[in-house]
Structures are given as structure tokens and as C-alpha cells.
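There are 2 protein chains.
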Amino acid sequence: MRQIKDLAAGVRRNNRTMADGRTIRYYDTHSQLREANDLRPVEEQPPIGELRLDPLVKEWIAFAAHRQTRIFLPPKELCPLCPTTNAGLSEIPESDFEVVVFDNRFPSLRPPNGEWSLPQNIGPDTPTAPAAGVCEVVCFTPDHGQSFADLSPRQVRTVLEAWRDRTAELSELDFIQQVFPFENRGEEIGVTLMHPHGQIYAYSYLPPKTEKMLRAATEYFQQTGNVLFDDLVAREIRDEIRIVAKNDHWIAFVPFAARYPFEIHVAPVSPVADLTELSTDACDSFPEIALEVLQRLDRVFNIPMAYIAAWHQAPVREGRDLLRLHWQITSVRRAPGKLKYLAGSESAMGAFIMDMLPEQSAQQLREVVITK
Amino acid sequence: MRQIKDLAAGVRRNNRTMADGRTIRYYDTHSQLREANDLRPVEEQPPIGELRLDPLVKEWIAFAAHRQTRIFLPPKELCPLCPTTNAGLSEIPESDFEVVVFDNRFPSLRPPNGEWSLPQNIGPDTPTAPAAGVCEVVCFTPDHGQSFADLSPRQVRTVLEAWRDRTAELSELDFIQQVFPFENRGEEIGVTLMHPHGQIYAYSYLPPKTEKMLRAATEYFQQTGNVLFDDLVAREIRDEIRIVAKNDHWIAFVPFAARYPFEIHVAPVSPVADLTELSTDACDSFPEIALEVLQRLDRVFNIPMAYIAAWHQAPVREGRDLLRLHWQITSVRRAPGKLKYLAGSESAMGAFIMDMLPEQSAQQLREVVITK
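Chains as they are written, first to last, in this note's numbering: chain A, 10 to 381; chain B, 10 to 381.
One chain only, chain A, in its complex shape (with noise of 0.2 Å):
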């Protein structure tokens, strides 16, 4: 793995060694030097977690028992993830950065050691399997009291950098099967650090929402010969009702059968697999529609939108022609002072109820005054 290394958009990685082993990965336009130690004392790493088959409807679970004592809610000054300052070492050595990805303290899931397979044969007698994979976390500024949407573009372009150059580094790996970077945002669905950050999970497994969607993708291919995202995307821009925002290379929307009382998917005009796959062109105007969206998610109430924000990516290893590259930001804010929650027919179910129709919310996302 080099250390330093020229991406796209003037932007340059410079990776460095944690106190602990770890990798800390800046992403800078400037050319920054990037040479502070991680000067904090080594604490030992929690060992790998374990893989269970739920038979019932063959889904893995990952076990990482080791992640109770996660630091939940810091006040500012013991925030890990602001720059290293005299006042205190975080997980970011420099006293300033721009974007960075470091390997998660606290992983649901690492990578093994050597040789490593997933069971074939499914049942109740499945065997474990240790929970293979990567956790990572990605950093969007060294400001603590800022969102993503508060972002530059320049940031965000930035960003988005980071995100491709992970895919792509963590699709190598023999063991990774789909790579999901996500952002939670909001103490309304469970963050427990304020600052800007999002997170890449590298499953060694299929998740189970992706199975089902190259389920549903392969059937409707072999019906109709046609990619089922590109039609339901051709239906969105037809329709035109749902959609919230929109410039040459991407599409927001909400989708015809939104399932949360605000959803949105952000698509490419030009489809593609994953990150790595998308043109100059695409790459360089995604920050205006991303900070479109998140902007009109924020003034719907006025108030900060708790979200999940989250790459549906083709997985690494097949489907790559049936499944596209989208952005689906979700949030479970249905109105001031009411969330919307997953009880009984969507937790033990899967079936959801919704309140509102996807026009409706596509309407309140339109009709907000931002400033662009």
C-alpha cells in the first residue's frame, strides 16, 4: 500500500500508522506534510467477533462483544475525532486535517487472520465464522460544531475522493464482498459522537438487503432484459412529482414507495456499479445536489434532520451489471417532537405502514427556501 498517493480532483492520500497499528488515511489538496506521531499509549485491540446464520431466513449476524465500552456522547474537549491539540490527543495525530479515514477503534468487523471462508452449508448446524471484514471511519472536517451539509463543495468533492479510493482499496481485499459507506446522523437514531463523520462497513457476506435486491434485480433483467434501477429511475424522471432536485449528472428523488416519512435517493443520469466507476464529470457535480438535499432535509423543520445516509453499491463480486450505484438518505422525523418508529409490522414483520404519501414529502422538500 503506498503511503502517499495522487487521487483524482488535485487530491492527495497520505497514510500513516496509529499508535496501535492502526491506519489513519489523510485526504488533502494542498499537499500537506503529514508526519505527527500518534503519541497515546497502545491499548489492546479487541479480538475478532463471531459470524451466526440466523436460519430462519439465512442471514448472518455479526457478534463483536467487545464494543460496550464505546465513549458515547463526549463533551467537546475529549471528542475523538477533533484534531490532536495541546489540550488533548483524539485519534487524529495533526492539529489540523482536512478529510480523514482511520480503521474504527471499536470494529463490528476486521480482517482475518489468514485463510478464511464463509459456511456453505445452511442450516442449524451451521458453524461460526469469525466476523470477517473492515470498519472504518470517515472524518468530513476538523470543525466539531459543523454537518455535512454545512460543508464546502469543495469538502464535499473531497469526500467524496475518500469514499472512492476506500471502495477501491477495500474491494481488493479476497475476503470483502460489498463495501457500504454510510452516515448516521442525529442522537435520534443513536450516535454517540457529535462530530461530522460517517463510517465504511466492508462485509465479508452479501447483506441481506443487497441480496434481496440483486433478487429482485436478476429476475427482472431475465424478464425484461432491462436493468431494474435505470427503469425505476426513467419512471422517477416521467413521473416528475417526487423529484426534489436535479443538474446534469444527478437525480434526487423520492421514491414511489418511500418507507420513511422523508427518503430520498440521489442517483447518477448515467448509471454505474459503485464510486470508483463514476466520470469526472459526475464526481464534480455531485457536491451541488448533495448539499442541495441535505440542506432542504434540514430547513423541512427547521431543525437539524436526524438521518441515515446511506451507498448502495453493486457488491464486489457479482451483480456488477444488475445493481447501481445510489445514495439513500433516510430520515424517521415525521413532523417537530415526532419520529416515526419501527414497531411491531416493520421490526418483526417487515412490513411497513407509512403516514404520508412520497408526493407529499417531495412537495414540503420542494417548496423550502435555501440558499444556494
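Quick caveat, the hints were computed from the structure, so don't treat them as lab data. A portion of the hints provided could be inaccurate.
The list cannot tell twin chains apart, which means a pair is met if one copy fits it or any two copies do.
Cut-off 25 Å, straight-line C-alpha distance, at most; resulting in silico cross-link-like pairs (SDA-like, lysine to any residue) [said to hold, decoys possible]:
hint, residue 1, residue 2
1, Lys85, Glu124
2, Lys14, Met203
3, Lys67, Leu366
4, Lys347, Gln54
5, Lys85, Lys347
6, Lys221, Pro128
7, Lys67, Lys221
8, Lys221, Glu355
9, Lys347, Thr201
10, Lys347, Asn24
11, Lys14, Gln232
12, Lys67, Ile252
13, Lys14, Pro92
14, Lys67, Phe184
15, Lys347, Asn113
16, Lys14, Pro128
17, Lys255, Asp134
18, Lys255, Ser156
19, Lys67, Glu228
Chain B: place on chain A using the hints.
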């Protein structure tokens, strides 16, 4: 539909019509007369909602656009699930009751007018359908301050008889595919009425979870000739370490791949497809284990545990020999003051990450001291 019907265990059902035409069913053990009339002004019923297909995963989403006006955490004096008093007219016209089941005033699903069928072509152009189904409310007790775990064994037996009666009758409706009795308990999971109650959703489509369980059970049967759930229960009995409670007719265990901090499956020792097929002995010994399990849950942290208690039954028209009745109780509480949130990995990818091994939570549940 007969107005008065004698069920098992000395329970008599008495059907009455509410002011707006909905049905309320009293389940009584002392042949009480139920003649009180619903004296409230008639309010207009909301229209039937809409089913839309999410083609990305081939799942139906129900849109019930008129539920945003639901009553939200009313004070006890305005509780619609308490008996009617001189001070206020509630959903239950009688001044006392044992167990009642009535049609939900704000149903997510409701019976269709005339002919109804689910669209069979599956893709971006799948038409919508009326959101057919039935939603009912089950009041466990007239006592506002109780919870299920406080009921007497006799009351639990009557609740069970009500669930069985509703399952039998709802299964006879030609537009129903699945009958799902459940209880949401606790403000943490969005319960809007504190009065102890459950709900019944009868779906006109196979809920995604049932569909996935049916797919796994079918594959397993084809490979082994065995019923998957039976083999899973046999494994739990063999392993023993995750068993929480048992009696001659029921077993309660934390499943090997539990996906919530506390998850308990309660299953009859003699497997059946649904509640209507339970033997008299199994019915009569259900209250003991149900109360023990819920009391253990409440005493793990000595705070009332938020939970979802869900009856998984075989669907009405298929898989009757492949899927088995079991009661799944899940709680998101992992410690006092800490909940498990379904964030990026679980919510967007369906990939569950657990901090706690099932063997740990089973031990915590067993070690609780309860007074039987």
C-alpha cells in the same frame, strides 16, 4: 357472524356494533351481559389506503395517509382504552370488561369494497392496490396502570382465547394472507397509548419476514425433508445454555443468532402452524411461561422493558406444513439508559451487528429472581 359464541376455557364472546359501525368483541368468563351502547357521535371513517410496490426488493408498502391525527399519549382521563365512565366515553362502551378486541379506529389496512386482488406483474409499472387487510386493537385488561406481565394467569388464558378466535375468523376472509397478533410496549418504541393493549394486523400480502422464512423453510425441507423450525428448537434443547424457561408444553429460549440485546422465542413443544391449532394442554400452560418470561424481562434492569412481542404464525394459504407458531419477544434496551438503535448497517443494509452474545442475555434472564 354470531353475536354470542362460546369458545374454549369457559370464554364467551359477545359481539357489539359501535356507533360508527365498527365491531367490538367482549371476551368474558362469567357470561356477563354486554348491552351498553356506544353513545359517541359518529365520526367519518378514513378511506382505505394504498399499497405500493417497492420494486427494488419486491415488497409492498402500505400507505395510510390519514393516521397523522391519531391521539398521542393522552392523559389517563382521556384514555380511549379504559372502560366508559360518567366522566368520559371511550372506545369500550361498557363500564367494565375482561378482554376486548375492536376494529382499529385508524386502521393502516381495512377490508376492501367488493372484488380485490394483488397485482401480479412486478416491476416499475406495477399498479397500486387498495391497502386491504384488517387492523384490530386488543385490550388486555380494564386496568390502565397494569401491563401484560401483571395479568393473572386467567386473564392471559382469556387473551390467548381472543387471539385464537381472531386468528380463526380473520383467516376465513378471502383477502387475508397472514394474521399477526402483536404487542408494542414502551414509549421507547413509539407506543402512543399506555393502556395495556396489543394489536392484530391481518395482511392481504405475505409480509417480507414471513416470505423470507417461508423461502428458507422450503429450501431446507427440500434438502433435508425436515421442518427447519423443529430442528432449530431441537438444537436449542440440545445446547440448553440459551434456554430461559420451560414447562411441559412450552420452551422459551434466546435464539443462537439473536439480533437484539434481549430476544426470546417462546415455542410450543408440539409444533403447530398457528394459534388455532394449539392443544388444550398447550393453551392452558401458556399463561405460566408467558408471565415468567415477561417478568424476567422486566427484572433484568428492574425497569419496565420496552419490547415488541410478535406472534409468528404460518400464513393462511401456504406453507402450513413448513412454518411454525412461535412468539418472538425482542427488546432494544441493552442497559439502563442505553438502547440499541437500528442505524446504517441494520436499517439500510439489513445487516445486524450485536454487542452481546445470546448466551450472556440468556444467563441474565435466568439469574433474575422472580416470585412465581
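Measure nothing new, just compare the shortest in-copy and cross-copy C-alpha distances for Lys14 and Pro92 to 25 Å and report within, between, both or neither. Result: close within a single copy only, 22 Å intra versus 72 Å inter.
Should Lys221 paired with Glu355 be assigned to within, between, both, or neither, using CA atoms and 25 Å as the limit? both (17 Å within a copy, 14 Å between copies)
When Cα atoms must be at most 25 Å apart, do Lys85 and Lys347 count as within-copy, between-copy, both, or neither? between (28 Å within a copy, 21 Å between copies)
I want to check one pair: Lys14 and Pro128. Are their C-alpha atoms no more than 25 Å apart within a copy, between two copies, both, or neither? neither (37 Å within a copy, 53 Å between copies)
Intra/inter-copy verdict for Lys85 and Glu124 if alpha-carbon distance must be at most 25 Å: The answer is neither: 42 Å in one copy and 61 Å across copies each exceed 25 Å.
Go through the copies and call it for Lys255 and Ser156: within, between, both or neither, with a Cα cutoff of 25 Å. For Lys255 and Ser156, only the intra-copy Cα distance (22 Å) is at most 25 Å; the inter-copy one is 51 Å.
Within, between, both or neither: how does the pair Lys14, Met203 come out at a Cα-Cα threshold of 25 Å? neither (30 Å within a copy, 58 Å between copies)
Could you figure out if Lys347 and Asn24 sit no more than 25 Å apart (CA to CA) within one copy, between two copies, both or neither? neither (43 Å within a copy, 35 Å between copies)
Please work out whether the CA atoms of Lys347 and Thr201 approach to 25 Å or closer within one copy, between two copies, in both situations, or in neither? Both: 21 Å inside a chain and 11 Å across chains, each within 25 Å.
Should Lys347 paired with Asn113 be assigned to within, between, both, or neither, using CA atoms and 25 Å as the limit? Between. Shortest inter-copy distance 21 Å satisfies the 25 Å Cα cut-off; intra-copy 32 Å does not.
Within a copy, between copies, both or neither: where do Lys221 and Pro128 come within 25 Å Cα-Cα? both (20 Å within a copy, 20 Å between copies)
Checking Lys67 and Phe184: alpha-carbon separation at most 25 Å within a copy, between copies, both or neither? Close inside one copy (19 Å), not across copies (29 Å); limit 25 Å.
Figure legend: structure checked against the earlier numbered hints; hints not met, in rising order: 1, 2, 10, 11 and 16.
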